[in-house]
Amino acid sequence: MGHLLEVENLKVHFPVRRGVLSRTVGYVHAVDGVSLHVGKGETLGIVGESGCGKTTMGMAVLRLIEPTAGWVAFEGVDLTTLGGRQLTELRKRMQVIFQDPYASLNPRMTVRHILGDPMRIHGLYPGRQCEERVAYLMEKVGLTPEQGNRYPHQFSGGQRQRIGIARALALAPQLIIGDEPVSALDVSIRAQIINLLIDLQAEFSLSYIIISHDLAVVEHICDRIAVMYLGKIVELASFKDLYATPRHPYTQALMSAVPTTDPRARQQRVILSGDVPNPIQPPQGCRFHPRCPRKFGPCAESEPPLIPIAPGHSVACFLPQ
Amino acid sequence: MTTAPLLSVENLQTHFITFDGVAKAVDDVTFRMDRGETLGIVGESGCGKSVTALTIMRLIKEPPGRIAGGHIRFKEQDLLALPPAEMEHIRGNRISMIFQEPMTSLNPVYTVGDQIAEMFVFHRHMRPRQSWEQAVGMLRKVQMPNPEKRAHEYPHQLSGGMRQRAMIAMALACAPEILIADEPTTALDVTIQAQILELMIQLKQDTGAAIIMITHDLGVIAETAQRVVVMYAGRVVEEASTQALFEEPLHPYTQGLLRSVPRMGQRARHGRERLAEISGVVPSLYELPEGCTFHPRCREAEKICRRQVPEIKELGGGRRIRCWRRE
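Just so you know, the protein sequences line up as chains E and Y, in that order.
All residue numbers for the first sequence refer to the working numbering, where the first residue is 975 and numbers rise by one.
All residue numbers for the second sequence refer to the working numbering, where the first residue is 53 and numbers rise by one.
Just so you know, these hints were derived from the structure itself, not from any lab.
There's no promise every hint is true.
Partner residues are not named here, just some residues of chain E that face chain Y (Cβ under 8 Å, in silico) [what the hints assert, rightly or not]:
#1 ALA1158
#2 SER1162
#3 VAL1232
Here are the simulated lysine-lysine pairs, DSSO-like style, with alpha carbons at most 30 Å apart [stated by the list, open to error]:
#4 LYS193(Y) / LYS256(Y)
#5 LYS1269(E) / LYS1014(E)
#6 LYS201(Y) / LYS1269(E)
#7 LYS1014(E) / LYS985(E)
#8 LYS193(Y) / LYS1269(E)
#9 LYS127(Y) / LYS113(Y)
This one's a predicted model, so the numbers in the text were calculated from it and none came from an experiment.
Glycine is no exception: its CB is placed at the ideal position from the N, C-alpha and C atoms.
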């Protein structure tokens, strides 16, 4: 206990409809039984390739997408059953930063409105306090208060992401979920935003969930990391353990696939064959077995559970290495 | 240098004339490449790397584009001086290109087999049946699973990785001397990226084609290219062998770029170091800074950097750099 956020057996299934009557013919198992927790001031990373369910998982935690099953507890309060006012109350303590700083800011609102609206909606920081806080937030994220009257299109991509971060901070939340917060940015701008996220965390003792496909970025920011494949967590460990001794064959393949600029760090590459299978009909048994270089008998028959193999290090594999 | 290079680009300038002014997308780009080598071009969005490639392919629409100066020599021919009909015999045949997003660069209303077969019909004057067999053969060569069946499918029926394989099959159909790959793996997941890069390296060994690898990903460059050209705001700022560039970058921009990227395994081994930032933003092509275009973001900028554009200097050993501070 004592975790800020706890997620237990979370599932999100999207119905697939076909035909004139749009009958449900199946379900996309986007998130299929994910359990994890985030401590106070901790950063949890979620990595995986596109379609693994990492974004859906993040949105379901915020209930921006309704979970199909499972529960999400924020400071011990189950979010999945809350409605109306109670949910609004909790939402101001958990905020989100989106990937695309072009699509996630309202083009018809000035920065002052973008940052001030959440405060007005939640009835916080009335009157002058709101303006002061907007100016304060802008300075915190490296913009000047004078830029408050501008519209999003007048900013560069990196500056827009700074606005997105200021918006997430506006209500002084405890948890921020960052969905690919630096992926859309130019290489030379990424470091600015990564450093900003780390600085803000220390200053406001924030907890983060950072969702990303970039293994190097996740390692740099996160304390613990969950690797997802087809809606499930296949490995969960501290950044140190995960990068020093990855145990799941998928994690190993993922890491060896990342091109490195350091010739000394170059290792034998594990190249996976085939594509990620269709999440409407995930493979029987272990979901990774059709692509796995180490598969053997039981892998095609039953699904390996996520079990601890060392303190703080869990793997879902019958043959962890 | 006794033999002429396979391709040499000299003082290339490609501008776009728009209502907002003249965007100098490529403003003085010079490089050369030899037979069978892989040349990396690296830079951020808007640095002119894609426009350079499109200019080589003569795919810049005029207007709004305008090739304001320079030469592109492919063996003995100046591509910029060729009449369009002759260029058609080079494009896709002797120089071909693959693009970042295979979904938008494949034609959605033809099967991939048809699209590859068209290459043989157009450039090799083959009959339909023979060209189809060749197309299936190309799909097999790029390790498309079940090529006979996949040739009858449309692009939307293929996964991202398979589409990129189909693009590569089409580009290599006529055994080109140069393959230009513009961010070929950026839209792909990392495990699929590894498959495609492996395939490209293998096909290059088989066919002997020279590759221009254009990307913003320094890791992809490090793993594929022998030589690297670094571009910033329409100009080449540094050129070196891959090893020299990653071991000892000289230009402040290249240095900043390499230091600003977290490396996988770094923190787990050595603890967290703060990433070095390059301050400021990439300049707008409409309002490029006076002097060195990098000076507003450069830690080492001096008076001369703000006033005068530095020339690119040969340092020997194939290294070139455009910087006043490295005189």
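Checked hints:
no.: 1; hint: ALA1158; in the structure: 10 Å, violated
no.: 2; hint: SER1162; in the structure: 4 Å, holds
no.: 3; hint: VAL1232; in the structure: 5 Å, holds
no.: 4; hint: LYS193(Y) / LYS256(Y); in the structure: 12 Å, holds
no.: 5; hint: LYS1269(E) / LYS1014(E); in the structure: 38 Å, violated
no.: 6; hint: LYS201(Y) / LYS1269(E); in the structure: 28 Å, holds
no.: 7; hint: LYS1014(E) / LYS985(E); in the structure: 24 Å, holds
no.: 8; hint: LYS193(Y) / LYS1269(E); in the structure: 27 Å, holds
no.: 9; hint: LYS127(Y) / LYS113(Y); in the structure: 24 Å, holds
Violated hints for the displayed structure, listed by number in ascending order: 1, 5.
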